[in-house]
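Asks: Quick note, the sequences are listed as chains A and B, same order.
At position 56 of the first sequence (counting the first as 1) the number is 56 in this note's numbering, and the numbers step up by one without a gap.
At position 111 of the second sequence (counting the first as 1) the number is 111 in this note's numbering, and the numbers step up by one without a gap.
It is possible that part of the hints are untrue.
Stated by the list, open to error - Mimicking DMTMM-like on lysine to aspartate or glutamate, the simulated pairs with C-alpha atoms at most 25 Å apart in a straight line are: (1) 181(B) - 165(A); (2) 111(A) - 187(B); (3) 251(A) - 226(A).
The set of hints was computed from the structure by calculation and includes no laboratory data.
Values in this document were obtained by computation on a predicted structure and should not be read as measured data.
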Amino acid sequence: MSFLRLQGLVKRFGDFVAVDDVSLEVEKGEFVSLLGPSGCGKTTTLQMIAGFEEPSEGRIFIDGKDITGVKASQRGIGIVFQSYALFPHMSVFQNVSFGLEMRKVPEAERKKRVMETLDLVHLGDFAQRFPRELSGGQQQRVALARALVIKPEVLLLDEPLSALDAKIREDMQIELRGIQRTVGTTTILVTHDQSEALSMSDRVAVMNEGRLVQVDMPYQAYEFPETPFVSSFLGKSNRFSGVVSGQSNGKLKVKVGELEFEAEAGRGPREGPVHLSVRPEKLLLTAPAEGRFTGRVHTRIFLGNHWVYQIDSPFGPLLASHHNAGIQSVAEGEEVGLTWAVEELRVLAPEEAGDG
Amino acid sequence: MAEAIARRTLIPPYLLSAPALLLYCALLLTPMLMTFLLSFNSFDLYTGIKPDYSLANYLEVIQDKYFHVIFLRTFGMALVVTLICALLGAPEAYILNRMANPWKSLFLLAVLGPLLISVVVRTLGWALLFGKEGAINMTLMGLGLVDEPVKLIFTSTGVVIALVHVLVPFMVISVWASLQKLDPATERAGLSLGASQFTVLRRVVVPQVMPGVLSGSLIVFALTASAFATPAILGGRRLKVVATTAYDEYLNTLNWPLGAAIAILLLAANVIIITSYNRVIEKKYAEAFG
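Here chain B stands alone, though its shape is the one from the complex:
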């Protein structure tokens, strides 16, 4: 009897999670494993993929300056986008949090609403704005601020602006969550102890929402480093990032093994950066926030 109950309570959890596990294995683990294996194969322009195993693809990426530039550009961009998102998103969340309804709900919707629209569509919107005869350049020239069109499309600046727009909601959500834990009385306590409004922000509010900013940074950084649609549309063929390079290897050069190696390296770099960053944060905040 007891055994029957034990068996009955043991089996259903596995049974119930089986569909999800199957889906996870079939759709995520298998392709990833296959990509991993593929990255060790070699490629010949005339005969295609050869089923042999070597580190040649990895060595090529690691030794070729062409790829160095792409990797540096990708992570540099991720850093800049993360920084700008933190500088914009954190104050945005703070102000939103202090607004009264209905403005609060309305603005929150305005901030999060863009997430409902496809990244591709939003990026194409930016392409319209950025173009030589786009709205931004027409306005700037109409006002006489510049004599010739500012180059925005196919530049890092353009890609960064669009990525910030796409990713800032993630920062806002993350900071918003940590603001919910902030006791507004701590701000008043700071004031009553003689601190100015600015000092209260700097010494009382910011340190308390820092965990939110840092976890938001993690999300934004990871998403920027692996972003594809925005750099592809706004960066074009010349301003390559890692994700678009892998794509080109697959679909233009047809060198799937090299593309796979690039993808695996991007994944590895991302995982290493994120886990070590996370460890540093946890160490720093474990004492106060637990």
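The shape of chain A in the complex, shown without the other chains:
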């Protein structure tokens, strides 16, 4: 029995359907990300779990109890807001203590729990400061401590890292994940940042236009996207449209323009028009004669740990990215052969109207 269960959630604002039949089961202690572009309904879904929005249809269960009609203040859910929403007129200690005061926890125990939680987020020395005296990263930790101190059944994180600098963001991803493991709270993260979702969660739930598109473990979702939307939203991908021309030994033959490529028949379609997708890091550069086809390097960018190439090919511009392994890289303007390992080519359903 799953711990948090969303059952057919629908939210309409007038004629606009913000969330369209979302069902999701989350195990106790699991970390699930709701990932999608802005306006995909992920935040509205979070608001419904938190109790700030009432679902038009569907039910929400926590630990088997139906909480759909329960007030936000009675749900016992911890929330970290995008703006942190710290109480500016209270010290760090008072901020964290607030939830315990509402639960009428006796003062001695309250003090102990607040300090324990502040130590957990490495802010034990900052208890008497006011929020505006803290850096963004520190405010973020206070917000997390304030949500965790009440020992919530579910922790909701609403784009918690989006206001931080890139460098601090990476550190916080690791730390947030570590804290979540230590505490073991069932957690839902809402984000539009795919690297955040991939790096922190046990499972990623990709949303688009109010619907859940794919729910999978990060590696699975990245390597085996089920729709072109997922393949382009999670990381970058090179795409070709083609038509299935034959099938043998579980392998599909797909005709793309003049060429024919072999691909493993995965979870995608087995006939008719399809999309082929290959990740930039799986697109290999070879000598012109050894590739499946040739292209010319248009732009080359050095990013420290890897090179990114934009290549003009018969199928339009392609993207390749390779580790900086200390080998001399191909120069701009050079002709290169392009290839990939057969198992890295994904066959996807062609784009539906409105899908991506």
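Following the hints, position chain B against chain A.
Replies: Here is chain B on its own, set in the frame of chain A:
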């Protein structure tokens, strides 16, 4: 060359602000200074103002019980009006802020609109309502709630009601400004931590808009303490406040020096109360709001 540039950049600012400075000196500082000097002169019923200097006028005001009552009434009224304005204006601003357009703009206009009408006209309107045969008394008596007309005109109650009406927009504007800085997510955070709607208001919203309420109070207090038109029209000759007393000294008794002394004392009292109040607030909120 460098000097020329330095001179050129130095002179224009003074030149540009000169008209305003001149106006300020001519129209505000000079009359105030003259009033200040005048307050030390003496006055004789038959010979008029005498150009001698003494503290007699001040001593008269400070020692005479008649003036004590007037000063106490003025600042008491200012306190009551400020309190009522805070109690009405703060919730009004909060509710307005949460309204959706177009209602928000419409009600904001309704709240601020009266500022466009002269205080005298608005006060005369209240005089019509308050009178023995005014709308309020006619309604109350028509409903059988009272047997004889309620005395509103020429009473402190009447003056306070009218002053609250005149000054509440200042409180609304001030609270409104501090509400713009309030992150609505803090209210949700409070709810999610288990606080009731009322507790969220009391512990999360009110403390955050308090600076707005306090600065609004400052404006309302200062304006009430020095209000003239409303107490003059609704208070009449018997219910005097400091401003109307000074006016009477000038124009009825023709004792300008005494009037000047009263005016200067009102100014001094106002400045002292406001600056010390401001200092207390700043101390209290410096830590959290900076």
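Asks: Flag every earlier hint the structure violates by its number, smallest first.
Replies: none
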